[in-house]
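There are 2 protein chains.
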Amino acid sequence: MNLQQLRDAALAIAHAAIRAVDPEALIHKSVRLEGDRLIIGATNIALSEFRRIIVVGAGKASASMARALETILGNRIAGGSIVVKDGHTRSLQRIEVIEAAHPVPDERGVSAARKLIGLLKENARRDTLVLCLISGGGSALMPLPAEGLSLNDKQAMTRLLLECGASIDEVNIVRKHISGIKGGQLARAAAPARVCTLLLSDAVGDAPDVIASGPTVGDPSTFSDAKAVMEKYNIWHRVPKSVANFIQSGVNGEIKETPKPDDEIFRNVSNDIIGNNRSALIAASEKAVSLGFRPLILSACISGEAREVGTVFASIALETANSHNPIAPPACILAGGETTVTIRGKGKGGRNQELALSAALKLAKSGNIVLASVGTDGTDGPTDAAGAVVDTTTVERARKHGLDPVAYLQRNDSYNLLEPIGDLLKTGPTGTNVMDLLITLVG
Amino acid sequence: MNLQQLRDAALAIAHAAIRAVDPEALIHKSVRLEGDRLIIGATNIALSEFRRIIVVGAGKASASMARALETILGNRIAGGSIVVKDGHTRSLQRIEVIEAAHPVPDERGVSAARKLIGLLKENARRDTLVLCLISGGGSALMPLPAEGLSLNDKQAMTRLLLECGASIDEVNIVRKHISGIKGGQLARAAAPARVCTLLLSDAVGDAPDVIASGPTVGDPSTFSDAKAVMEKYNIWHRVPKSVANFIQSGVNGEIKETPKPDDEIFRNVSNDIIGNNRSALIAASEKAVSLGFRPLILSACISGEAREVGTVFASIALETANSHNPIAPPACILAGGETTVTIRGKGKGGRNQELALSAALKLAKSGNIVLASVGTDGTDGPTDAAGAVVDTTTVERARKHGLDPVAYLQRNDSYNLLEPIGDLLKTGPTGTNVMDLLITLVG
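Protein chains in written order, with numbering that gives the first Met the number 0: chain F, 0 to 442; chain G, 0 to 442.
Simulated from the structure, these hints should not be mistaken for laboratory data. Heads up, a few of these hints could be off.
Taking lysine-lysine pairs in the DSBU-like style, the calculated list, with each CA pair at most 35 angstroms apart, reads [to be verified]:
hint: 1; chain 1: G; residue 1: 255; chain 2: F; residue 2: 399
hint: 2; chain 1: F; residue 1: 399; chain 2: F; residue 2: 425
hint: 3; chain 1: G; residue 1: 231; chain 2: F; residue 2: 345
hint: 4; chain 1: F; residue 1: 399; chain 2: G; residue 2: 259
hint: 5; chain 1: G; residue 1: 364; chain 2: F; residue 2: 255
hint: 6; chain 1: G; residue 1: 231; chain 2: F; residue 2: 347
hint: 7; chain 1: G; residue 1: 345; chain 2: F; residue 2: 347
hint: 8; chain 1: F; residue 1: 345; chain 2: G; residue 2: 347
hint: 9; chain 1: F; residue 1: 255; chain 2: F; residue 2: 231
hint: 10; chain 1: F; residue 1: 231; chain 2: F; residue 2: 345
hint: 11; chain 1: G; residue 1: 226; chain 2: G; residue 2: 347
hint: 12; chain 1: F; residue 1: 345; chain 2: F; residue 2: 399
hint: 13; chain 1: F; residue 1: 231; chain 2: G; residue 2: 399
hint: 14; chain 1: F; residue 1: 226; chain 2: F; residue 2: 114
hint: 15; chain 1: F; residue 1: 240; chain 2: G; residue 2: 399
hint: 16; chain 1: F; residue 1: 399; chain 2: G; residue 2: 226
hint: 17; chain 1: F; residue 1: 226; chain 2: G; residue 2: 231
hint: 18; chain 1: F; residue 1: 425; chain 2: F; residue 2: 347
hint: 19; chain 1: F; residue 1: 114; chain 2: F; residue 2: 255
hint: 20; chain 1: G; residue 1: 259; chain 2: G; residue 2: 347
hint: 21; chain 1: F; residue 1: 226; chain 2: F; residue 2: 259
hint: 22; chain 1: G; residue 1: 345; chain 2: F; residue 2: 231
hint: 23; chain 1: F; residue 1: 231; chain 2: G; residue 2: 364
hint: 24; chain 1: F; residue 1: 240; chain 2: F; residue 2: 259
hint: 25; chain 1: F; residue 1: 364; chain 2: G; residue 2: 364
hint: 26; chain 1: G; residue 1: 347; chain 2: G; residue 2: 364
hint: 27; chain 1: G; residue 1: 259; chain 2: G; residue 2: 345
hint: 28; chain 1: G; residue 1: 28; chain 2: F; residue 2: 364
hint: 29; chain 1: G; residue 1: 345; chain 2: G; residue 2: 425
hint: 30; chain 1: F; residue 1: 347; chain 2: F; residue 2: 28
hint: 31; chain 1: G; residue 1: 259; chain 2: G; residue 2: 226
hint: 32; chain 1: F; residue 1: 399; chain 2: G; residue 2: 231
hint: 33; chain 1: F; residue 1: 259; chain 2: G; residue 2: 399
hint: 34; chain 1: G; residue 1: 364; chain 2: F; residue 2: 28
hint: 35; chain 1: G; residue 1: 226; chain 2: G; residue 2: 255
Here the structure is a predicted model, which is why all the values come from computation and not from measurement.
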């Protein structure tokens, strides 16, 4: 296959992968009604045991997920509310759609979260079935400060935590302890109802307690752990007074802990991941086979600095071309996850574009290799591109345009290099998000 | 297999891989005498056509390579000289061993290089067979400034080039044009003799013109290219006067160019890579199979920031454990190359130790995974370790010792974290160098 054919194939594989994680398609694939029984993955529920079905949820894809549920369950759904990002609505029959701000939460999100908790408490009976739809962005879209705290307090805390160098696990321990909904507290509001959570995962590793901060997952951490994090990073005396008081009350046992994983409420709760990065990679792999490639999935949990990850995958592509390891061409090497970009310059770009540009530098003049890096949500950084598709001639084509790829990469300006040479990949918003895909084709 | 068994297996695989690239073993594997014919890889030479065999060379492993050649050819060798790093000598019968400084060259290296060129010019006849032994460090060990230039001029230029941000390819274009031996000039001194170069590659990608700056490989670049590099980075007016004059004379056609790849002298020259990182990976793969693992070689040309590469390989190991992609356990995932470390703190460590520590952070608490990163020369950075072997309990064990892995990684202090918990890998000097090996075992 020549480079143009490989580029076309990379785009076809990317599109097939993104289609496979469309939220409506995933719900239809994972949820079905068989007579009186509702089957969600391994979970099998006799609907006759429940007087009412309530649907709640939050996330950018929740409206699409809800629409599919309405198609499957129709008027068996008594009602419910879901929270979506502004503009991410769908027309629904029985479930209310509330819009709120993302990624920075607002008071509309707080009201929406209160409404969900209120709805669950009203219906907190053993004969209620709660279907909870969680997707990326869910945490910001239903921000419920714990009693006595404000949204400002929460946001000030999040900023402090991110600046002090705490790990994401440590940040989450604190966040769960100043929230009224995270860390299993949504499930507690619903108890003793049966809760089935359907998750579309946008988190590296798919841990259900990480996706939207685990509203229906038991939290092993404690108020003391939260205080210890703040002491470790010397911010305990800098946090808002209201937060310090709240946490200290928790440490003193004056406030109820988040529900722990062994809490009996979770016997009535299931969390099923209906789609994730790996789902997209598997679809990519199937599409690659249909196009004549040997596929190899390397990982669905890639993390790290984008440009360095690009270099590593370029190294693997070169080896494939040179020694037929790890697999002989025509090969499709797949990976996914979410990389990060350390800002060094004032350029325009995104993690996928930067990864691809860095890979292009290592791949220059090396034959029949194409690499595409694409955000499954259709956006990469603050640009109109979803990512990029580069090949072994990218560097040469850029230089012919008078553009120096090394300089553009150095100042995080991948967009402005890739755009004029036609190596950007644009899809528009896709309505889903399972992080990024990395597709390497060796012809 | 439990973690201890995986750790033992990782060490056994590392040792087998390093043994396989022992310079003497490689020469015996690649070179043989069949009656009157000398066979070196695909090259087949009738010794009766030659009146004398001369051996020259430079590199840390050259003495070992020469010893094996003496064993094979005995008194057919008329004589020769090789240059090695101080202390890397071997007792030889017919070939002189000269010691010089490495990695910073010295005047002993210059004299040695002059001696080699003199010897070749004396024997520059069609009935001379020159066997040239090149290994890592060869460039620094035979530094021959071009006529009229001093070693100081060369070193000043190298510093300027490295500081100005020129790429390694650009640096090499200039270096070849201020040298009297690099860029094919050693082969020119020997012409019209038959020259067979045997290379032990320590370069990512194994390009013969990169290994020891290609003393017997045609150089496509010109004096004008060299001047253009210096102008591009605005250092043309800051280089030593003698260097500027020399390059300008070259541009004016007053000095002979380096020999170009199509020069007829190269019809009589062959360059054979007898060992490289991939040779070690193949041996590692075979050893892994014998220990019951499914092997997968991902790349022999890995580059990038050590800690980021560690994160990527940890991601692949986690995927292997979770989804049996790219290969089902018990799996041995192999890679090699040479990473870099950006110095952030004042700690003690090396690229292999830093890669392993970073991987350990991502692997924490994830089951049966062991990752070893090791320098095949037996040294990693300015430490007495060759690398490290970490597993999914490394982080926990460090914390029990009161050590914070994140903080140690941040200040480049991997040695002082890994040493007390017994995760360093020490081999002592191995006498070879094909860059680093990365061995990931998933049980």
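Hint numbers the structure violates, sorted upward?
Numbers 11, 17, 20, 25, 27 and 30 - these are the hints that the structure violates, sorted from lowest upward.
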